[in-house]
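Asks: The chain contents come next:
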Amino acid sequence: MGAHHFEDRRGQAERDEETIRAALAGSRAATERLARRLLAVPRLVAAIDARRGQRLSEHDIEDLAQDLLVIVWEKLGQFRGTGTLESWLYRFCLLEYMNRVRRLQRLPRPFPLLDPRATPTGASGEADAEALEALLASLGPPEEEIVRLKHFEDLSFAELGERLGLSPNTAKTRYYRGIQWLRRRLSQRVEEAS
Amino acid sequence: MDRERADLLQRVTLGELPPDAPEVVAARRADPELDAALIETEGVLAALERARAEREAVLADAAARTGAPGEAVVAPFVRARTASARKRPRWAAALAIAAAALLALWLPRALDPGTSRSSDPSTPLGGRASLAAEAPVGPGSDFARFAWTADVEGGWFEVEVFGADGEPLEGGTSGPVDGREWTPDPDRVERWPEAIEWDLHWFDGSGARRESAPFSASR
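Here the protein sequences come in this chain order: A and B.
Sequential numbering from 1 applies to the first sequence in this note's numbering.
Sequential numbering from 1 applies to the second sequence in this note's numbering.
It is possible that part of the hints are untrue.
[Stated by the list, open to error] From the structure, some residues in chain B lie toward chain A, with a derived Cβ separation under 7 Å:
| no. | residue |
| --- | --- |
| 1 | Leu59 |
| 2 | Ala75 |
| 3 | Val78 |
| 4 | Thr173 |
| 5 | Trp192 |
| 6 | Arg219 |
Simulated from the structure, these hints should not be mistaken for lab results.
For every residue, glycine included, the Cβ atom is placed at its ideal position computed from N, Cα and C.
Can you build the whole structure from these sequences, using the hints too?
Replies: Structure follows, in structure tokens:
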């Protein structure tokens, strides 16, 4: 992915932030734009389900998409345009999808276990994504956003600092803390499980 | 882990030094704790890269889709929500916020006039003296804000909240905190039980947990 791709993403992120602000302030035009952008919610759920072997029925996907719209709407004011709207929505869609599948299939473990010491032969990106999304959500700001932007949006520490209003050194320190927090938490879970 | 090795761990984590650099290899051989921390750190970074590839694949698939189940409800939902926001006069919203703030200040005292949270003594249940809780502590607390004192310098703190049965509560993990207070998500707090236990941890700059203290509170 080149620099142009990420410039496009940044432009889209800024437009998304403006659209949300205007829609929440009552602009009818922005409301229509936001409605088109939020079509990403059912599309993301369908895409996640397709990659996991279609575990949900069409009815379940529709039901989940409606619940997600309510969840996302309550959090929409927190969207800061640090990444695109789809990227921000992905975390909610994945976590709620996991919860729904586990509830419907009565799976015991809340999240898959990720052992940071294991050799990743045949490692599953799907399981890693689930385990990490769940952990990142409990890491909280600003480390959560910094780890996401560094790994998922490919930003340098200088770019990260610029977007979040931090110095590059502060961004580095926070990133280090975030990674080490994830490491300790994953190890702790593996120890508890064994 | 000493300072020099903590710096090494930080530089490898930040990508400033490759994990197979000669000084890293030598330090790993001499220090099994550093070696284990580096193996786990590399594992986390590799898992993040796999998660990123998965994420990109889902985003690309979603971008190419049309007609997913549930698409028909999106526009009516968004229009209804923004329309209800337009109908509500601004002064009504401001009045509701002011009333909620006054109620939040008044209600705990009205319900429990004998308790003043600001004068509650800190009651650690056996933790070290250098970490002391300000709130929430003891009965009559609210769980909106966790605050503490600590005679330590540098590093960071973490809070973990548990139910009376010792099970971690959803939304009860703070992540790293620089200051001496943490505000949990109010939506999650509402769902917490009436009585909680919480642990306060202090980590030094290398990420090693140096001190912990347990507290209890109820509302």
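Asks: Could you tell me which of the numbered hints above are not met by this structure, giving the numbers in increasing order?
Replies: Violated hints: 5 and 6; rest satisfied.
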